[in-house]
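Undergrad: Take the given structure of chain A and dock chain Y to it, following the hints.
Protein chains in written order, with our numbering: chain A, 558 to 816; chain Y, 10 to 230.
Simulated from the structure, these hints should not be mistaken for laboratory data.
Quick caveat, the model's predicted, so the values are computed rather than measured.
Cβ coordinates follow ideal geometry from the N, Cα and C atoms, glycine included.
Possibly wrong hints are sitting among the right ones.
Derived contacts from chain A toward chain Y, CB cut-off under 10 angstroms, selection only [stated by the list, open to error]:
1) E628
2) Q629
3) P759
4) R775
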Amino acid sequence: MLTKRIIPCLDVKDGRVVKGVRFLDHRDAGDPVALAAFYDVEGADELVFYDITASADERGIMLNVVSRAAEQVFIPLTVGGGIRTVEDVRTMLKAGADKVSINTAAVENPRLIQEAAYAFGSQCVVLGLDARRVPDARPPRWEVRVRTGRGGGQPTALDAVEWAAKAAELGAGEIVVNSMDSDGARTGYDLALNRAVAEATPVPVVASGGAGNLCHLRQVLQEGKADAALAASIFHFGVYSIRQAKEHLARHGIPVRPV
Amino acid sequence: MTTEQDLSSAVLRGLKVVVVDYESGNLRSVAKALERAGVCPVVSGDPAELSNADAVVLPGVGAAGSAMKTLHRRGLIDPLRGFIESGKPFLGLCLGLQLLMERAEEGDVACLGVAPGRARRLPSNLKVPHMGWNLVEFTGSHPALREMPPKGYFYFVHSYYVDPEDAGLAVGFTEYGLRFCSVLAKGGLLATQFHPEKSGPLGLKLYRGFARHAAALAGGG
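Same shape as in the complex, but just chain A (with noise of 0.2 angstroms):
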């Protein structure tokens, strides 16, 4: 049976790990290579490096992190922040990630998609998705917001979840659905967003955003549908450890792979 998978997601800024609270406010949480090391060892399914900052300058830093923890890392690692073209995502496939997640420039240009996923496989095409509520909405509705590593980013017309199953059609071969609503406050994950986003695609969604205990990681695999957990604090700050996290969701009848 296929197992759902932890994800630790490491906010890389100027080649440090932090992690945003509501992306601002960045604390410290180690270097990224040695925290990645750890994580494998630990029993994590799958890392996830997001660049932070992702400005053209400091690209060849998140390069030398990326192959760095290439060379220790024997499960699968999944790089987003700052993606733009096709060239992008082939740098990052050959610095040794095997995901490439991509966000703004997705909603700007829907072919990238498309063209990454003709090159590469949609194997290794991530769509990331930062979504916000629409305050009131009943039913609730999200909405897709770009440029989110500075404060709360830019709306967008777009429907979060019309939005995530344009993008499987174009080629994504899995989604992480970022609340930003929750993202930072460890108030839970929003499980109506998971949820919606998963039935709505026929591709794997992570979801991300608002893991503050461990039962929120069982709510989100069990009533938000998803086929993964994505969090980055309650790790990285010891609160749990992923063996943890693992023995609770195997208590609950989740099938994970055991540490």
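TA: Chain Y in isolation, oriented as in the chain A frame:
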């Protein structure tokens, strides 16, 4: 004084293990995993390198059609077939397993034809690609699998699976909507649908088993 361990590590380092470069997939991870297993791999798309190799690894992600085209263009088809027929250790990974079949449903292309049967599309009532860690049940034997537990979790990313006509070639199975052959063995050939280089400690153990098997055949013990 030379210990037995020194000897075997010297033999491992002396092996010529070729990772076939045909612009398909994360060769770096495959090479790094082989290095962890003690060998110094050669990453090359030159068919001549295969002629005197002790072992060959055929990795691969992406589409079967474009992969076969690249193998043709690089003159790798016959050298690969020849190497596999020699019975020397050969490791196919993911698409590198599917290409061993006669045909791939994906684009209906002729493949290497080492094993009768087809690569078929996974059922569409499931999320495709089949992505993540799934259980492999080892049902048959191969010298490279000696230290594998009867069951273990490995990392999969694929939309097609192999359906070999000779059921005896399937030595490992996985369930995803259907029970499919996730490990295939034939003589010196071993091929996996999963990515051992992305499967943590158990995946590295498979690489070690493969390297030791190659070392044993090369006369090192």
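Undergrad: Does the nearest C-beta of chain Y fall within a distance shorter than 10 angstroms of the C-beta of P759/A?
TA: OK, holds: P759/A within 10 angstroms of chain Y, min 6 angstroms.
Undergrad: Closer than 10 angstroms between Cβ atoms is the bar; does R775/A clear it against chain Y? Give me holds or violated.
TA: 17 angstroms, violated
Undergrad: Against chain Y, with CB atoms and a cut of 10 angstroms, does the hint on E628/A hold up?
TA: Status holds, d = 6 angstroms.
Undergrad: For the hint on Q629/A, just tell me whether its beta-carbon gets within less than 10 angstroms of chain Y.
TA: 8 angstroms, holds
Hint compliance for this structure: hint 4 alone is broken.
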